[in-house]
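Asker: Build out the structure end to end from the sequences listed, making use of the hints.
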Amino acid sequence: MSVVEFMQLDLVPMLAAILACVTCGLLGTLLLLTRNSMMGDAISHAVLPGIAAGFWVTGTRASLPMLAGAMGAAVVAVVLIGLIRRLGRLEPGAAMGVVFSGLFALGLLMLVWSGADRVDLDIDCVLYGILETLIWPAAEGPASLIDPVALAALPEELWLLAGMFAVTLTCLLLFWKELRLAAFDPAFGAVIGFDPRPVRALLMLLIAAACVAAFWAVGSILVIAALIGPPAIARLLTERYAAQFLLAAAVGAAIATVGYLAAALVPAALGAAQGFNAAGMIAVMAGLGFALAAQLSPFRRGVVKQRRAAP
Amino acid sequence: MMNADFFAALTLSLGHNAAVVVLGCAAFGLAAGLVGCFVLLRGRALIADVAAHATLPGVAAAFIGATALGLDPRNLWLLMAGGALSAALGALAVRAAAATRRVRDDAAMALVLSAGFGLGVVLMSVVQSLPTGGQAGLSHFILGQAAGLAEVEAQTLIGLALVASVIAVLLFNPLRVLCFDEAFAAASGLPVRALDLSLTALMLLVTVAGLRAVGLILVVALMVIPAVTARLLTERLSIMAPLAAALGAVSGWVGASFSAAAPGLPTGAVITVTACALFLIALTLSPTRGVVAAGLGRARMGYRIGRDHLLRGAWEELEQLRLGPDAPFATAAIAAAWGWSGPRSLIAVTALRAAGLVRPAHEPGFLRLTPAGIVAAQGVVRRHRVWELYLTRAGGVRAFAAHRGADLIEHTLPPDVEAEVEAWLASADPAIARLAVPPPVEGAPA
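Heads up: the sequence lines are chains A and B, in that order.
Going by my numbering, the first sequence opens with residue 1, and the numbers climb by one from there.
Going by my numbering, the second sequence opens with residue 1, and the numbers climb by one from there.
No lab work stands behind these hints, which were simulated from the structure alone.
Distance ranges between label pairs, derived from CB positions:
| hint | chain 1 | residue 1 | chain 2 | residue 2 | range |
| --- | --- | --- | --- | --- | --- |
| 1 | B | Asn17 | A | Pro198 | 53 to 59 Å |
| 2 | A | Gln274 | B | Gly70 | 21 to 27 Å |
| 3 | B | Ala327 | A | Val191 | 46 to 52 Å |
| 4 | B | Arg95 | A | Asp124 | 30 to 36 Å |
| 5 | A | Arg197 | B | Gly137 | 45 to 51 Å |
| 6 | A | Val266 | B | Thr67 | 20 to 26 Å |
| 7 | A | Val76 | B | Pro343 | 25 to 31 Å |
| 8 | B | Ala293 | A | Val79 | 15 to 21 Å |
So the derived list for chain B, only partly shown, Cβ under 8 Å to chain A, looks like this:
| hint | residue |
| --- | --- |
| 9 | Asp106 |
| 10 | Leu111 |
| 11 | Val121 |
| 12 | Val273 |
| 13 | Cys276 |
Using N, Cα and C, we set each Cβ at its ideal position, and we do this for glycine too.
Answerer: In structure tokens:
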């Protein structure tokens, strides 16, 4: 395979997968630390009607109305979950199950109704992602990376992902202390008069936006792997707050790269006509990575005890 | 045209095959609603979702394996067996991941759900490249396509759903004990582990039965939503279970009819949206837990609090100025004392006028108590002071705190408790009991 071919067919999907997994990994770390992992699952399903509505309005795939629609749907989902929990006096899992499956089903129907004649947003995209379609035909070699004309022809989904990554990083750095307090010691926060709700709301909105951005890369269901896989693996390897974020980002980049290569390049190198689904492979890598990290973890059961007993 | 088809399907007159499919989906909804009650009460809603997603790699692997062995890869039993196997493996994987003790259950579930589904997606892309091709049938396992169901497949669905329902009914009492009080179940000699396992098996049975018609993504919705809807309407499991089964059956029936009239729609989504519509109706109108009932209850409470505060404020004002009970009093002072905004005090005054407790005085901004208002105000003041005295005498609470405490409880103090407290005060100190009655007449010492 030549460099040009790689740049045209594989560079953009790989970058998109890496950006999606790193962004989701950073946000997912906060979900994991606040013990809200299933909330990520719920939001990633619930944004679908918002995405469908945004697509309805604009007819394009990466747009601000779509982001706004998804955030609106996420807010509706969170409010509904709270309402159902309170009124029905139900465990959170049940309330979540009702809301996210209901909104997801609604989103599916909206997609089918609105998109029967549109080929670029269909149900396959929701289920499998469309990494493989993010090609860059304008690339003619390494020089294209600094050629404004060629860069302008990059798929707009990539810019959306890069924008989400920048926004996430900025928010993390700006609210580092507040997020830490909300995650670890809400009781202490309450004592010093810190209200964690705005920070939590911001986190939910960011996750909704990241779900939209990652939707194009890995689809609506596998985005959970990108949200929870990297932080869960990092959690097995470190106890430190800052290291947890850095590791999650690194793991996100790693599973995206390895998953994409395993799906796209390995079958091609073996001479198969068709690659595996890359988004699915990335999710599988998240699972395998967790199993591997569980074996290597310095905190796995028994190890800590042995170390403490040793001296 | 679509409407006509929908009603024809709904009344089972769109042809024999469509009728069997509609009945199959209804039977599935019945079983899912029934089993879903126990899944919900045992707190297993999310694990059911994980298991459902984890069926995909098993289904795809069964398809690939059957193709490799030269069997018919579209044999429904084979695909369902593969799905059940990998769903069980998924449930075990959640346990293993949670056993690392570094991530909680919810993270373990999210991880297994997505990794399992991802593996399924990878295997699906393998299926697509098989020479037999024809992956079209398999993708129906994800979102469901009841309209394309063959008659024998629909009959299988009905059979499995009935088996699951019968088992759930037979195990009703032991499962009920298990769901509500596991420790008691163990102490009374029930085989808790076996029961738990049979509940999981029931859940898996319903899941794989619904795969082809409803799809693995939304199969859990049919277990959770009818059960939650029934939960909003009743407190008793013996009512909740049949209600959930009925709601599930109706959702399946109506949803499958829709899907028969418009075969392009994913059946699972149509059925789920139908179930959600029923849920929203229950959430709004449930007499005990509905939004409307809660809003009415809050409004009623708000009125009572406003009424009590206004009446007591009026009485205390009149008392302080040593005026008679039917003398005019200023509402502005009362509103200021309670920190009411203009609209808030206007609402309170309007409500009390409508209730005939106060009437406007000649001077603007002043009101008078009506005879009924005098009686009500006496009752309110009396309740407040009785409770205040009770708190200081019996509870040793300081006077100011007693005042606050009485403020908080007097609106909800039931009459029998009030009578009991008064009786206690009278027996403890008759003089005090007399003091509790507010001095009602002009010129009497405050």
